[in-house]
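Using the sequences plus the hints, can you model the full thing?
Protein chains: 2
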Amino acid sequence: MLHLRNCRFVVTHDLATGTIKVLEEVDIKVREDGVVEKIGKNLRTESGYEVVDCRRYVVIPGLVNAHTHVAMTLLRGFCDDEEVCTWLQHMWGVERELTPEVVRLASELGIMEMLSTGTTAFIDMYYMPEQTAEVAERYGIRAALGPVFMDVMYSAKKVENDLRNLVTMCRGMRYVRPIVNVHSIYTCTRETLERARDLASELNLNIQIHISETRHEVYRCRKETGKFPIEYIAELGLVTERTQLVHLGWVASWELGIIRDQGATVTHCPVSSMKLATAGFLPIKEMMSMGIRVTIGTDGAASNNTLDMFRELKAAVLLHRHGYWSTDINAQHVFTAATVRGYELLNIKGGVIAPGYVADLVLIDVEKAPLQPLRRDNVLSTLVYCVCGRDVEMTMVSGKVVYWRKRDEEKWRERAMEIANKLNKYMEKYLT
Amino acid sequence: MLHLRNCRFVVTHDLATGTIKVLEEVDIKVREDGVVEKIGKNLRTESGYEVVDCRRYVVIPGLVNAHTHVAMTLLRGFCDDEEVCTWLQHMWGVERELTPEVVRLASELGIMEMLSTGTTAFIDMYYMPEQTAEVAERYGIRAALGPVFMDVMYSAKKVENDLRNLVTMCRGMRYVRPIVNVHSIYTCTRETLERARDLASELNLNIQIHISETRHEVYRCRKETGKFPIEYIAELGLVTERTQLVHLGWVASWELGIIRDQGATVTHCPVSSMKLATAGFLPIKEMMSMGIRVTIGTDGAASNNTLDMFRELKAAVLLHRHGYWSTDINAQHVFTAATVRGYELLNIKGGVIAPGYVADLVLIDVEKAPLQPLRRDNVLSTLVYCVCGRDVEMTMVSGKVVYWRKRDEEKWRERAMEIANKLNKYMEKYLT
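Those protein sequence lines, which keep their order, are chains G and D.
Just so it is clear: in the first sequence, position 176 is 175 by this note's numbering, and no numbers are missing.
Just so it is clear: in the second sequence, position 163 is 162 by this note's numbering, and no numbers are missing.
FYI, nobody ran anything at the bench for these hints, they're computed from the structure.
Wrong hints could be hidden among the right ones.
The list makes no distinction among identical chains, and a pair is therefore deemed to hold if it is satisfied within one copy or across any two copies.
[To be verified] Straight-line C-alpha distance at most 30 Å; calculated DSSO-like pairs for lysine-lysine:
no. : residue 1 : residue 2
1   : Lys37     : Lys405
2   : Lys20     : Lys424
3   : Lys428    : Lys40
4   : Lys348    : Lys20
5   : Lys40     : Lys421
6   : Lys421    : Lys20
7   : Lys20     : Lys428
8   : Lys37     : Lys348
9   : Lys226    : Lys156
10  : Lys424    : Lys40
11  : Lys410    : Lys421
12  : Lys37     : Lys399
Being a predicted model, the structure only gives us computed values, none of them experimental.
What follows is the structure in structure tokens.
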């Protein structure tokens with residue numbers, strides 16, 4: 000049980016108004032079951048509660064990294080100033096030969112990065128997800144993940160078996176949930192897509208798919224099926240309220256209608272989309288005004304190259320102001336996307352700091368020159384445009400302190416270097 | 000005198016090839032006069048040299064923030080999700096009433112931010128520059144600054160007098176140099192522009208001007224003068240090899256020819272241009288291939304909202320990959336722009352780690368999960384796409400340690416909070 004005393008500011012979605020509210024100098028109490036109990040001025044000290052002095056911290060709900068490939072920390076910075084096709088060949092060359100140990104170590108590196116930069120939950124798409132699941136559970140970060148349907152890499156039968164095993168494995172886990180991952184329409188046959196759909200339905204799981212990321216993909220889909228990508232997968236029954244559509248940089252206006260009507264969720268990865276020069280532009284304003292749920296992800300470390308959600312939020316605003324020639328998209332939109340909307344997608348009562356919601360909280364140390372002068376009127380702006388992951392002092396999931404700079408920094412540093420040495424040895428054969 | 004021992008990597012421009020080179024596990028020795036003396040493996044320990052163990056640091060040349068308004072930390076996050084015109088009215092409302100003390104304090108906050116995030120030199124445009132100059136000299140950061148020609152705010156006569164006084168003041172300073180600042184063609188008459196030109200020529204100073212930032216500015220210039228902005232000021236003799244043209248988001252191809260022919264320098268502020276939704280696109284590829292010198296700046300904290308040059312470098316690559324639909328612009332381009340090109344603009348022999356160059360150096364602590372796995376082949380990528388200012392351990396100007404996290408962090412934190420409290424008191428009357 001925790002008592003966060005005298006938080007400088009608490010910034011959270013206001014359930015009543017749907018806007019962001021800022022509370023000043025309040026306490027937050029967290030119950031034994033990991034749920035927020037009470038928020039208010041000068042709450043009474045009770046025995047059994049660990050008290051944390053929060054005078055120099057801003058407290059926010061944990062951030063949801065709605066799309067990543069966490070073990071791709073292995074490939075961070077690898078050939079990443081080459082043209083996209085060459086880069087992808089390099090990636091796949093390494094990925095064809097991955098070992099469970101490497102996936103586990105690289106996942107650990109990425110999970111340390113995410114927890115220490117304020118991410119409390121992530122949705123992953125990568126190979127050998129049972130390795131990532133094990134590490135996530137051990138560190139206490141929420142994860143939604145599953146094996147990836149991708150015919151060029153694995154048979155659909157193998158993926159189905161892996162998924163069924165993962166579902167069993169997750170029953171004993173507190174933080175990890177299975178999902179059905181489908182790499183894309185250009186790496187899966189129609190039969191595989193149908194199999195994924197049936198499995199999601201049978202097992203009652205979310206489906207995550209990369210879609211409409213590049214013009215080439217849209218062109219090819221149109222040529223081969225006569226349909227645009229969303230039309231194509233919608234016809235196959237893959238667009239439902241349990242579907243998560245990632246990228247959508249090249250989506251047509253009438254496809255948005257399908258997404259809205261089916262209640263699917265969209266995930267935007269602005270940095271990756273810019274860095275890979277896809278030139279895609281996710282129509283976030285139209286989506287939001289239509290009531291489509293928009294979430295935000297960093298994508299993998301190979302195409303970003305950080306897993307820092309704070310930097311991602313700023314990038315999202317910048318990209319859309321540049322693209323729309325207007326300041327319509329602002330800090331409030333992206334903050335909501337990364338908190339409330341992320342937890343909605345995960346179907347967890349969180350993303351808001353209010354009684355009854357899970358205590359997935361992040362404490363940000365704001366007493367430093369780059370984040371000052373701070374006031375009630377500019378705290379949200381500071382969170383989105385100035386804060387970066389390195390400013391996080393503590394990350395809590397279900398009321399459990401899973402990262403605390405003053406406690407973990409040195410230990411995690413040593414562990415990160417141990418892992419890095421192993422990963423670099425592994426990568427030697429790929430370096431020319 | 001300093002002896003940086005066993006630097007994990009040294010990343011710097013290679014004078015011989017014009018590309019970036021990476022040295023591994025070398026030592027750097029800095030002479031008493033603040034110049035790099037020697038670089039090499041296992042240099043001999045000599046008495047009189049302070050030895051710094053650099054096994055966990057990457058060493059790079061200091062970054063030049065080529066365009067900012069440092070005292071605008073006062074206005075960080077103030078009304079910044081409003082439309083640009085409204086935002087500008089808010090800014091000017093406060094700026095009309097600035098006091099020397101407020102400019103001095105806000106400059107100090109900004110200078111602490113810049114030094115602690117790896118910036119060793121900045122070019123400033125703001126009111127009461129003598130206040131900023133005094134703080135820069137005291138902290139030991141290089142600054143180029145001067146009063147601003149801007150008819151709507153001050154008479155040209157007053158600005159000229161202030162400039163002459165500043166020139167005198169700077170004679171006694173080691174780190175600060177005067178420049179002629181011209182706000183823009185839309186806030187200065189032709190006579191004022193000519194006066195600025197004559198002063199720059201008489202006093203042998205650089206001229207810095209905001210130009211072609213918005214479509215509106217270009218349209219108005221064309222309408223009023225019959226010329227495009229660069230044509231207009233070139234005809235007045237304001238485009239020379241001592242001219243620094245800032246923004247250029249709406250420049251025409253034939254204006255680039257003028258810039259190249261006259262040898263002027265360009266400064267790109269990608270975050271500010273995106274955040275203010277100017278929709279401008281500085282044609283960096285064409286400029287670089289024409290041999291135009293391109294530098295990078297953060298602009299002021301009111302439109303960014305950080306002064307972190309690392310984040311600016313990443314934003315520059317992202318914007319141009321998005322805009323060009325290609326990965327042509329890469330880490331090497333922006334790293335060179337922020338180091339070598341910045342020092343060229345300042346006319347200081349720096350921006351390169353080589354014997355005879357000023358020891359303006361930055362040590363980056365890379366032993367942490369978000370910057371691993373690090374290798375020789377991905378260190379430049381890591382610097383541009385992963386590092387942020389918070390990773391800086393030490394900043395050195397002319398061989399003097401002006402920021403050292405382990406020494407200064409707590410002291411600077413306290414000072415930042417003192418200043419923030421004063422600035423927030425001052426801002427009270429502007430908050431509704």
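Hint check:
Taking CA atoms no more than 30 Å apart as the test, Lys37 paired with Lys405 passes inside one copy only; the shortest distance there is 26 Å, against 38 Å between copies. When the C-alpha separation of Lys20 and Lys424 is checked against a cutoff of 30 Å, the pair qualifies only between copies, where the shortest distance is 22 Å, while the shortest distance within a copy is 48 Å. For the homomeric pair Lys428 and Lys40, the shortest alpha-carbon distance between copies (26 Å) is at most 30 Å, but the shortest distance inside one copy (59 Å) is not. With identical chains, the CA atoms of Lys348 and Lys20 are at most 30 Å apart within one copy only, with a shortest distance of 18 Å there and 50 Å across copies.
Within a single copy, Lys40 and Lys421 get their C-alpha atoms only as close as 49 Å, which misses the 30 Å cut-off; across copies the closest is 25 Å, which meets it. Within a single copy, Lys421 and Lys20 get their C-alpha atoms only as close as 45 Å, which misses the 30 Å cut-off; across copies the closest is 25 Å, which meets it. With identical chains, the CA atoms of Lys20 and Lys428 are at most 30 Å apart between copies only, with a shortest distance of 22 Å across copies and 52 Å within one. In this homomeric assembly, Lys37 and Lys348 come within 30 Å of each other (Cα to Cα) only inside a single copy, at 16 Å, whereas the closest approach across copies is 60 Å.
For a Cα distance limit of 30 Å, the shortest separation of Lys226 from Lys156 inside one copy, 27 Å, qualifies, whereas the shortest one across copies, 68 Å, does not. Taking the shortest alpha-carbon separations for Lys424 and Lys40, only the inter-copy value of 23 Å comes in at or below 30 Å, while the best intra-copy value is 53 Å. Proximity of Lys410 to Lys421 under the C-alpha cut-off of 30 Å is restricted to the intra-copy arrangement: shortest distance 17 Å within a copy versus 38 Å between copies. Proximity of Lys37 and Lys399 under a CA criterion of 30 Å is satisfied intra-copy only: 16 Å inside one chain copy versus 51 Å between copies.
Hint compliance for this structure: no hint is broken.
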